[in-house]
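Between the sequences and the hints, there should be enough to build the whole structure, so can you do that?
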Amino acid sequence: MSMVILTVDDSRTMRDMLRLALAGDEFEVVQAVDGLDGLDVLGRNDPDVIITDINMPNLDGFGFIEGVRRSERHRSTPILVLTTESDSAKKQRARDSGATGWIVKPFDPVKLIDAIRRVAA
Amino acid sequence: MDPMEAIKATFFQECDELLGDLEEGLLTLETGGGDSETVNAVFRAVHSVKGGAGAFGLEPLVRFAHVFETTMDMVRSGALAPELHVIQVLLRAADHLADHVAAAKAGGTPVGGEDAIVAELEALTAGAGSAPAAAPAPIPTFEATPLPSVPDEPDFGFSPMMISLDPDPQPEPEPDTGADWLVRFTPKDVMYRNANDALPLMRELARLGPLSVECNIRTVPLLDALDPLGAYLTWTVTLTAPDVARERIVDVFEFVDGDCVFSVEQVEAEPAPAPMILPEPEILAPVASKPVAPATPQVAAPTPPASAETPPANEARGAEAAAPATIRVDLDRVDRLIDLVGELVINQAMLAQRVMESGVARSSNIALGLDDLEQLTREIQDSVMAIRAQPVKSVFQRMPRLAREVAAMTGKRVRLVTEGEGTEVDKTVIERLAEPLTHMLRNAIDHGLESPEERRAAGKPEEGVIKLAAMHRSGRIVIEISDDGRGINRERVRDIAVKRGLIEADAALSDEEIDNLIFAPGFSTAATISDVSGRGVGMDVVKRSIQALGGRITIVSRPGLGSTFTMSLPLTLAVLDGMVVTVGEQTLVVPITAIIESLQPKPGDIQALGPDGFVLSVRGAYVPLIDVAQAMSWGETASTGPGVTLLVESGIGGLAALRVDAIQGQRQVVIKSLELNYQQVDGIAAATILGDGRVALILDVDAIISLRKRSTPPSPPQFAIAS
Amino acid sequence: MSVTQTASSSAAQRELVAFRMGAQEYCVDIRSVLEIRGWAPATHLPSSPSYVRGVINLRGTVLPIIDLGARLGLQVSAPSARHVIIVARIDRKTVGLLVEAVSDILTVAEDVIQPTPDIACETVRAFVKGIIAIDGEMISLITLDGLLPDEIAQEAA
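Same order as they appear, the protein sequences are chains A, B and C. Here the working numbering is used: position 15 in the first sequence is 15, and no number is missing along the way. Here the working numbering is used: position 308 in the second sequence is 429, and no number is missing along the way. Here the working numbering is used: position 146 in the third sequence is 990, and no number is missing along the way.
Simulated from the structure, these hints should not be mistaken for laboratory data. For glycine and all other residues, C-beta sits at the position ideal for the given N, C-alpha and C. Incorrect hints may have been included.
[What the hints assert, rightly or not] Pulled a few chain A residues facing chain B out of the computed Cβ check, cut under 8 Å:
1) T13
2) D16
3) A21
4) L22
5) V29
6) Q31
7) N55
8) R69
9) S76
10) R95
11) G101
12) V119
[Said to hold, decoys possible] Think about it this way: if two alpha-carbon atoms lie no more than 27 Å apart in a straight line, the pair counts; the simulated BS3-like pairs of lysine-lysine are:
13) B/K309 with A/K90
14) C/K973 with C/K937
15) A/K105 with B/K226
16) B/K226 with B/K514
17) B/K588 with B/K514
18) A/K90 with A/K105
19) A/K111 with A/K91
20) A/K111 with A/K90
21) B/K309 with A/K91
This is the structure in C-alpha cells:
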C-alpha cells in the first residue's frame, strides 16, 4: 500500500517538482497551495508524511505546522519542511513549531525520498 | 514533453505571474499604500523565483534573486524602512530580475547592468539598521554577496552538533576492525512532539549493521504520575558496523539533535554484549522543555479516535472570501471550441433559412423549435466567448515598467495612473493591443510631456501624469491615454501637413481636424519621430493597427494642458451582432452597435447640399445622407425605390444616415477576417458567411462616412478627417 | 486528366499543374496548389483592382478570387460556371485563382524549362519564369509571387 504524502507549497513549480520526484507506486501525492489550504486538506486526508514550504501566503509554514500539531488526529504525523534558507534561526523556529525534519531546496529527489522514509513511522 | 521540461515551462509561467505580483506590490508601496502583508507578498515573490530557479540551476538568476531577496528580507523584518527612494531601487531591481528571467528563458544570455543594481541594493542593506528588538531570535547578519553554492551544504540541515557525555571526547575515529559502536540516546519530550520517534532511528541504525538494543525503563514513573507525552526512556544500541564512519551514525540523529541527548562511541567488540549501565541521573530525569499544548491525558496510543480537530481558524487569519474555483485549460482547446461554435452558428442559420424557405409555417413546431435552437446557440456562443475574455490588466501590466524606462531615457518625470484594469475583452483583441498602446505611451512621454524645467516654468508640477483607462461603452471597449503635457502644436502640425502635401496651404481646418492630421498616412517621417530606443513609429501606423482590429482612434488636445487619445475597439474579433441588409444585389452586414435606429424618410426630408451631397432631416437636425451603393462604388447596381435608411453613429460620435435597399433581419454573425488571405479593404471591416453559404461583407461604418466625404469624382481626393 | 512524363535521366523533376486562360496555356508548380474547385459566384469587394473578382466561402474560410488571366493583362472572358478555381498558397495566404480550365498535370525535368523570351510586356516579365515545349504546344511557367495587390499605404519610413 502506498504512502500518502501531503505537499504544501504556494509555488506551482515546486508542487510539480515534488509530484514528479514522488511519482510511482510507492507514494500517493496530495497537494495544497498554502497553510490554510493545507489544514483544510488535512481535514479530508490522512497523510503518512507532510512536506511543507515555509514562505506562503494566508498561513505560512510555521503556522501550518503549529496547526497540525494542535490537531488530535495528525499531531504525530511527521512533517518535513522545505527551505532554501541556510538560516539556522528559521530551522530552529520550524523545529520549535513542531517540524520533524527538513530538506533544503533545490532538493535531490533521491534524498527527498530518503528523508521521507527516515521519518515515516 | 520531458516532464522536467514541462515543469520548467510551468516555472517560467509562474515567474511571469510572480514578477507581476512583485511589481504590483512595489507600486502600491511606492504610493504609500500597502501594509506588512504587501511587503511579505513581495518578499515571497522574489523568494519563489529564487527557489524555482535554483531547482533548474539557473545560476545568474539565483545569484541576483538572492541579493534582491536579502534586501527584501530586511524590509520585511523592519530593518530597512520602505521609504520612497528604497522602493524605487527595489523597482529597478524588479525590472532587472525580470530581465534575468527573460534571459534564462532565452537560454542564458548574459544580462547587463548587474553591477549597478547590485551596488544599489548592497548600499541599502549596508546602511540599514539592525532589526527591532521584537524579533524573537538573534537576526544573523545577511550576506549581500552571492549565495555560496548550495551543494556544499548537506541536504539535511546543518552539520549536527554532537553532545558528548564522555568526559574524554573521542577523536574522529577511523573505522577500526573489531570495534563496535555504542550509541546511547535519551529522547526529550519535544522529540515526540515533533513526530520523531525511536523506531525510525533504530531502523536507520539497523541499515548500517546488526544491532542489539537495550531499553532502560528505570525512570518510568508509576501510572498515576505518568505524563503520556513525557519522555522517560533511554536506549542503548550496540551496532556492529566496523566499516562505518562515525559521522554516518551521528547523521542518523540530525533531525532530533537538540531534542534528545545522545552519544556515539566506539568500543571493543564483545563476544557477548553485556548491558552497559549509564552514568546517572541528570540525563535520565524526565526532561520537560517547553510546555506541550495542553491535552487531556490519554492512555490510548497516538491514534486517537477521530474527534473534532481544533479548528485552524483560530490561527487569526480571517477567512478570506473563497476565490471562485478555476481550472487551467489549454488555449488551443478553447480556440477550437470557439471555432466549432462559430461553425455551429453558421450551420444553425443555414438550417433555419432552408427550413423557412421550404415553406414551413412560422407558427409550426418546426419553426418554434428552430427559434429555440437559435436562442440556445446564442447562449452557447456568449458563454464560450466569455471563456476567452480576459481583463486588460495583462496588457496594462507592462506599461509601468515601460513608462519608467522611457522616462529615464528622455529625462522626463512621469507618473502613470491606470484605471479599469479589470475591464474584459476577448483574448484576440488583447494580444494585439500591446503594440499600439506601447507606441502611444512612448509618444506621450517623449512628445507629449515637457521636460521638468519646462513644466516648472509653465507653473506645472515637474512630474507629468499619464492616465491609462479602460472601460466598456456602447458594446465596445474604450481605452484612453491622456497626458497633462503640452498638447498638440497645431502650427507645426499644419506646416508639416502642407509640406507633405496632405492639405492645401490655404485649407480651412478646425482645431480637431488639425489634431487628427497626425494620423494621416505619410505625416510622420523619421525626422519627426525621435528615436526612443530605436523604435520610432508614426501615429498613422498605430492607427492602422487599431483599425485592423476593427477599432477607431481619435485625439482631443488642449494646448498647454495635454492630449487625450481615445481608442474604441470591438469586444471580440470573433462575433458580431449585425443587421443584414441588401444593397442592390449585395448582402451586407451593418454592426448593430453603430445603428441608432432605422428610418423611413419622406421625400421632403431629403435636402440637397452643395454640388452632390444630400442631407436628411431627423427630428429637426440635419445629418449627411450616404447612399451605400454609391459609396461602395456599386453605384450601377441601381438602388431602386425609397429603400430604408439607417441612422448610424460613428465611433467619434458623428451621425450619418445610410441608405440601403432593404433590411433582412438581425443576426449574430461569425466574423471572418479579410486580412487573413487578402488585405484590408476600405469601407469593409470584415466578412461573414451567411445561411446560404455565401460571403457577406461587414460594413465599416466610420470608414463609409469618411469615404463618402472623399469620393467626389472627378476632382482629386479632398482631405478627409481621420476617424 | 492524363499525366504526361518527359523522361530525363539526370535533371531534377518538377511537377506542374497546367491550365488554360486567355486562350493560352500556363502552368504553376504543384507545390503551391492546394486543391482545384469548380467555379462559385464571388461576393464583390469594393475599392479593389478589377482582377480581384471578389471573395468566396471555402469551408468556412473567406477566400479571395483572383482572375489570373486578368492579372497578367490577358483578354479574358467573363467568369462562368465552366471556369475553374485553383486554390493556391501565396506566401502565407490562401487564394483562389480563376482560370478557364485545368488541362493536365505534368512532370518535367528541370532542364526542359527554357528561359522566357525577352518581350516587352511588364506582367510577362514579372510573372512568367520559363517556357516549356510539349508536343508542339508552348506552356508558360508562372510564379505566384507578387500576384496579390500591394497593401495600400505603406508604413512611413
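Do the hints match the structure? See the list:
1. The interface hint given for A/T13 holds, since its Cβ lies 4 Å from the closest Cβ of chain B, which is under the 8 Å cut-off.
2. Nearest Cβ of chain B to the Cβ of A/D16: about 4 Å, under the 8 Å cut. The hint holds.
3. Proximity of A/A21 to chain B is violated relative to the hint, the smallest CB-CB distance being about 10 Å (cut-off 8 Å).
4. A cut of 8 Å between beta carbons decides the hint on A/L22: the least distance to chain B is about 12 Å, and the hint is violated.
5. At about 14 Å, the closest approach between the beta carbon of A/V29 and any beta carbon in chain B exceeds 8 Å, and the interface hint on this residue is violated.
6. About 14 Å separates the beta-carbon of A/Q31 from the nearest beta-carbon of chain B, more than 8 Å, and the hint is not met.
7. The criterion of a C-beta within 8 Å of any C-beta in chain B is met by A/N55, whose closest approach is roughly 5 Å, and the hint holds.
8. A cut of 8 Å between beta carbons decides the hint on A/R69: the least distance to chain B is about 7 Å, and the hint holds.
9. For A/S76, the shortest C-beta to C-beta distance to chain B is roughly 5 Å, which falls under 8 Å, so the interface hint holds.
10. The interface hint given for A/R95 is met, as the beta carbon of that residue sits about 7 Å from the closest beta carbon of chain B, less than 8 Å.
11. At its closest, the beta carbon of A/G101 sits 4 Å from a beta carbon of chain B; the interface hint therefore holds under the 8 Å criterion.
12. At about 6 Å, the closest approach between the beta carbon of A/V119 and any beta carbon in chain B falls short of 8 Å, and the interface hint on this residue holds.
13. The suggested pairing of B/K309 with A/K90 holds, with an alpha-carbon distance near 21 Å, which does not exceed 27 Å.
14. For the suggested pair C/K973 and C/K937, the alpha carbons sit about 21 Å apart, so the restraint of at most 27 Å is met.
15. At roughly 21 Å between alpha-carbon atoms, A/K105 and B/K226 fall within 27 Å of each other, so this suggested pair holds.
16. Among the hinted pairs, B/K226 with B/K514 is consistent with the structure: their alpha-carbon atoms are about 23 Å apart, no more than 27 Å.
17. The straight-line distance between the Cα atoms of B/K588 and B/K514 is roughly 14 Å, inside the 27 Å bound, and the hint therefore holds.
18. For the suggested pair A/K90 and A/K105, the alpha carbons sit about 14 Å apart, so the restraint of at most 27 Å is met.
19. Between A/K111 and A/K91, the direct Cα distance comes to roughly 18 Å. Compliance with the 27 Å bound is thereby established for this hinted pair.
20. Distance hint between A/K111 and A/K90 is fulfilled; the C-alpha atoms sit about 21 Å from each other, no more than 27 Å.
21. Distance restraint check for B/K309 and A/K91: the Cα-Cα separation of roughly 18 Å lies within the 27 Å cut-off, and the hinted pair is therefore satisfied.
Violated hints, in rising order: 3, 4, 5 and 6; the structure is consistent with all others.
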